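Protein sequence lines, in the order shown, are assigned to chains A and B.
Note that the numbering used here has the first sequence beginning at 626, numbered continuously upward.
Note that the numbering used here has the second sequence beginning at 626, numbered continuously upward.
Possibly wrong hints are sitting among the right ones.
The list makes no distinction among identical chains, and a pair is therefore deemed to hold if it is satisfied within one copy or across any two copies.
25 Å max Cα-Cα, derived SDA-like pairs, lysine to any residue [as the list claims (entries may be wrong)]: (1) K683 to D648; (2) K776 to S697; (3) K730 to A774; (4) K776 to P731; (5) K829 to R786; (6) K683 to R841; (7) K649 to V729; (8) K683 to H823; (9) K649 to S800; (10) K683 to S640.
To be clear, the hints were calculated from the coordinates, so they are not data collected in a lab.
All values derive from a computational prediction rather than experimental measurement.
Number of protein chains: 2
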Amino acid sequence: MIPYVLVVEDEDALSALLQYNLDKEGYRVTIAGDGEEALVMIDEQMPDLIVLDWMLPKVSGVEVCRRLRARSETRNLPIIMLTARGEESDRIRGLDTGADDYVVKPFSMSELAARIRAVLRRIRPGLAEDRLHHGDIIVDRVAHRVRRADKEIHLGPTEFRLLDYLMQHPGRVFSREQLLDAVWGSDVYVEARTVDVHIGRLRKALNQHVDNDPIRTVRSAGYSLDASA
Amino acid sequence: MIPYVLVVEDEDALSALLQYNLDKEGYRVTIAGDGEEALVMIDEQMPDLIVLDWMLPKVSGVEVCRRLRARSETRNLPIIMLTARGEESDRIRGLDTGADDYVVKPFSMSELAARIRAVLRRIRPGLAEDRLHHGDIIVDRVAHRVRRADKEIHLGPTEFRLLDYLMQHPGRVFSREQLLDAVWGSDVYVEARTVDVHIGRLRKALNQHVDNDPIRTVRSAGYSLDASA
DNA sequence: TAAAACTGTCACATAACTGTCGCATAGCGA
DNA sequence: TCGCTATGCGACAGTTATGTGACAGTTTTA
Chain A
626 MIPYVLVVED EDALSALLQY NLDKEGYRVT IAGDGEEALV MIDEQMPDLI VLDWMLPKVS
686 GVEVCRRLRA RSETRNLPII MLTARGEESD RIRGLDTGAD DYVVKPFSMS ELAARIRAVL
746 RRIRPGLAED RLHHGDIIVD RVAHRVRRAD KEIHLGPTEF RLLDYLMQHP GRVFSREQLL
806 DAVWGSDVYV EARTVDVHIG RLRKALNQHV DNDPIRTVRS AGYSLDASA
Chain B
626 MIPYVLVVED EDALSALLQY NLDKEGYRVT IAGDGEEALV MIDEQMPDLI VLDWMLPKVS
686 GVEVCRRLRA RSETRNLPII MLTARGEESD RIRGLDTGAD DYVVKPFSMS ELAARIRAVL
746 RRIRPGLAED RLHHGDIIVD RVAHRVRRAD KEIHLGPTEF RLLDYLMQHP GRVFSREQLL
806 DAVWGSDVYV EARTVDVHIG RLRKALNQHV DNDPIRTVRS AGYSLDASA
């Protein structure tokens, strides 16, 4: 699955550059222009990693960082800080606040990309690994196969991506909109109810040999992969 | 082709010695000082073999090993562990984790070099082997012959290379683009659909005497050699 | 040098998958 | 319990991806 990076940066020139290059590196990228916006987007879209400018309007980078660390859902969200030279003494405070790494401006794209790779690997090995297990479900991303209780399960491409995404965050509830963003892509327009249909198809496929349904419907909130099991 | 060896070792004296001696043995050598650095370098430089100290700062040797084995790109990367005497009981765990061989410190350079040669010869399946087997298919890369179920199969050059490539990674799904890169070469421009046609021809040739198709189509993803069978 | 073998593309047939509707149910607050 | 809202899901028509025979241009073989 494609890692999803949120860039929080108020200088448009830089954020556009970052978007362009990270996209080319194979990441899905969104931009937030200030800390407040960032906090909202993080909640809604659950990125895999955040590139966070130290200085930001409204809510500073440090503050964003601190708040994310204070909440359990975002405690392990990888964060890379961007700091300007001269704020160097602050770096340490940055890491204290809970950033996973920092890059000093001006930086090269390849340097940032390398840090991102390293941090993703270190913090969230699940992203890079090519097999996801949960209960009796196995998703093999390289072979593009799904098994449940040792039976081969055939899924269409969309159902496959949907399951893959849910398996990355077991137990977490996703709204239909979040799932559309993550699985269909933020650019296409599709009815939210379509998610229901695909969830239904996924359920049917997964439960054909087994009695218990691993997908939990959370009324008026969305769906999640059942954390138990 | 000079084999490229990455040495992961935190004691500078030892790593320098290794670099010197392995270089003299005819290997290209790079050093990583801890596990984290190693993981980055492996990704970026794709060495042919890794000499990995058991005890490392940040990310231990075992952990590095485990993570490499969890990702398909590095699953077959040969690894030789360096363990200190007294960690001997751990040795077994080392091999379980996926190391291909281990050497107990203190060791002689010639011993290490011999292990490296042996492992390179033994492990590199596609590169060194002159025959690939999978199910009832045999590809003889030296004689340039293919047999299935004991019948000689005639393939054109492109079909041969295509099958050869698929047989190096059974089960793994390759996109049309990946196959074009690997089989046709990254510089030529050929329609992606051309892959379909060659897959079709390959299928026809392979299945002429046998009923079951060893090539799996994964809709919207690509093709793979069926890992079962 | 002619015949045979091989390639890459196309066009068309078919199979697989998608998104939406609409109606049936289930859940929930009053 | 009633009424409203949210979800489940079969059906369907439109779309997209794949399989494959034909063909013309090239390369290899005899």
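Give me the numbers of the hints this structure contradicts, sorted from smallest to largest. 1, 3, 4, 6 and 8
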